[in-house]
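S.K.: Sequences listed follow chains A and B, in order. Per the numbering used here, residue 1032 is the first one in the first sequence, and the count goes up by one each step. Per the numbering used here, residue 139 is the first one in the second sequence, and the count goes up by one each step.
None of these hints come from the bench; they were simulated from the model. Computed from a predicted structure; not experimentally measured. Note that the Cβ used here is the ideal one computed from N, Cα and C, for glycine as well. Hints may be right or wrong, so weigh each one.
Unchecked claim - Straight line, CA to CA, 27 Å or less: simulated DSS-like cross-link-like pairs of lysine-lysine:
1) 343(B) <-> 1043(A)
2) 269(B) <-> 383(B)
3) 335(B) <-> 1194(A)
4) 1317(A) <-> 384(B)
5) 1274(A) <-> 455(B)
6) 377(B) <-> 1314(A)
7) 1317(A) <-> 365(B)
8) 1274(A) <-> 269(B)
9) 1312(A) <-> 335(B)
10) 1312(A) <-> 383(B)
11) 1314(A) <-> 335(B)
Claimed, not checked - From chain A, some residues computed to sit far from chain B (all C-beta separations above 10 Å):
12) 1042
13) 1051
14) 1060
15) 1086
16) 1187
17) 1270
18) 1271
19) 1310
20) 1330
21) 1331
22) 1335
What the hints assert, rightly or not - Partial list, derived from the structure: chain A residues whose beta carbon lies under 10 Å from chain B:
23) 1269
24) 1273
25) 1294
26) 1328
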Amino acid sequence: MSINSEIFNICKEIKNIEIRKPTRELVIKLNRDEFGYIARQQMVQFLGYIIVDMKREKIDKGPLPVKIDSLSDNERDLLKKAHCLLVYLNEQCIYPVKEYIPNASYALDPFSQFSYPRDTFNIDKIIKRNILNSLISAFHSNKLINNIKKISNDILKKIPSEKYLGVTLALIKRIEKQGICGAPEDFTEMMFKIMPGSKLDNFSKHIFSIMGLRKILNNINQLIYQAFLYEDLTELNEDNLIKIGQLNSNQIGEGLTAKIVPLGQELFSTLGDILFVRSDKYKLKKYCLIEGISTNMDSEFGWTQEYKLRVMDEDLNPFFGLVK
Amino acid sequence: MKRVYDINGFDNKIIMEIKKIFTESPEKEQWKFLSKYIYRNNIIKYLDEKGIKNPDDLLIERISGPILQAKEYFIASEKSSLQISSLLLYYGFVNLLYGIANLTLGTVINIKNHGMKVIIPPNNNRIADIKIRPSDPNNGALSGFSKIYSNNCQLCNTGDWKILDILGSIPDLRKDFIECYENEASHVIPVEIVIEKDSTLERIKTIDMERYSNNKTVLSAIEGLAKNYIIQYASPQIKNIVLRKKISGEEIGIYSLSGRKYLQISHLKNSKLLNPSIIILMFMALFSLGYVCRYRPEIWNPFVRNDSTGERLLIEKFLYICRRLLPNLLLSFLFNARIIFVPETQGVLDRSGVITKQEIEEIAHQEIKKILNRERLK
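Pulled out of the complex, with its shape left as it was, chain A reads as follows (with noise of 0.2 Å):
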């Protein structure tokens, strides 16, 4: 049982919820202008878009003439409700680590680092609970959770939250500022000299545990959202495929580039979206994170795209190399 399988259950059923219909004409309205470009920065799903409406006023005062309209209270419900299914479904996944060390689960959060009103809905009311279970279970079976519990020790949970939340996004800025062809150089040193099982490795071992669960949830998130969007999830094959990069293994996991012809919905593609990449004459069949998009439309030669994408393994893992 993957978390890669259960999610796609899960997404199927996403396709048949009273609410995909609306919230999804109302995410691409919205994603016509500013509001949208703004709330996609900010890689967090429907949460973008509330954390936009919480603050227009502010950014319609900012530097640049961007003028938000504000969300009726329908539409504001709507991003709330699917929000809140996210938000249910992390708290369920992250519920072992934070009956064991409870400061460490503050960082597994992917909606942490945002201050807003955490509202309380019923999700039964969109979807069946118990549909979420195996998805849960599978989380719950994940070897990184099992390294948290091995390795947590009286030290480490006296670690304050905040200071959890920084180190877990700090290490992961800097993974994602090198790029998917490498590691930063300090995690290449430091993964050959420190000596396995002293408490160095084991405190490596417990960081990276927790920053590969948090990025896990996180594609778990962005995957229901895509599902909310979308009929099926993007995909780069040999009908839309010019050029493949070499997969590139490192310390971190793994990278890939691509270059292809949009010809459909991959014109709508984003950094943070996940999408599969499929080659038989590669031998690839991966499941991918876009870290660079560019999209050039060349009205002389034809549009084209290139892919800067992270591997991702079949618990969604990006940060797989990390904690073998």
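Guided by the hints, dock chain B onto chain A, whose structure is given.
M.R.: Below, chain B without anything else, positioned relative to chain A:
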């Protein structure tokens, strides 16, 4: 040698490399190569390399004789007027195809007749409207040669083929075809190859699609296009039709004598899409022109003497292209490479533009040194 995929008349799956041969006179040079196989020893050596030992005299003479006669017919055709040049060229063609077929098969091919009939429409106005009807799939030359030179393209029972269809399928003739037949669309589309830093694309200019009523229908009739290429159709955002090869796709197309690439639109005959090779198409057209010249002088003579439409010029150019192209195509067939005759200088390899990694590092170091020195002086 540059590696390309080329279906310039033969088995679609043959991968052909380009072989450049230096010459100032391609027509003479190609015959020098072909004339090798007039000589017994060269024939025996060629067959021996293919594993055919001790060929009999009949086979040797049915290789040597036809190639020698073909050469004579080609020369005679070039020196004759349009009154008889098409007939001479047809005889040259059929002899050359026969001789080379016997050489490559290592056995005498079974041919008892031309394998075609000519149908003259009533009230015929143009030479282009004359039709050819393939016949006799077992013993006819057309079917026999089609097996060897056109991937066994089955032409019998496909209906009638107009000379117009064939003239419109010759890349080198496209410009003249369009000028001569104002309302007709050709069966070849020119393609521009654009080489970028990290990829190559091909594009079809919108102006070259003007004579077709539906671009998508036309492109769907190009064999292998949808399978091997991603197509971006012209739109308000994209000026021309852009083709990019899929990562697992193979290149398709044929090349003119000038090296320009063309895509071939298949012919719809009796609900089937057919794409005979240029060799076979030229063979069919030459047969019909030779037939009309020989057996229907009441059509041919007035055409040669009095044509005022410009069609005569087109036919003359067609004959020139046949004389130049067929020996070249057959050499490519024999050598399994795309033979190009070029006037380039040989024996010179220019590496002055090549820059090594070390040179780049040195340049970078020097620039960094300059920047640091400037900073120190501030």
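S.K.: When the hints from earlier in the document are held up against this structure, which numbers fail?
M.R.: Hints 1, 2, 3, 5, 6, 8, 17, 18, 19, 20, 21, 22 are the ones this structure does not satisfy, whereas the remaining hints hold.
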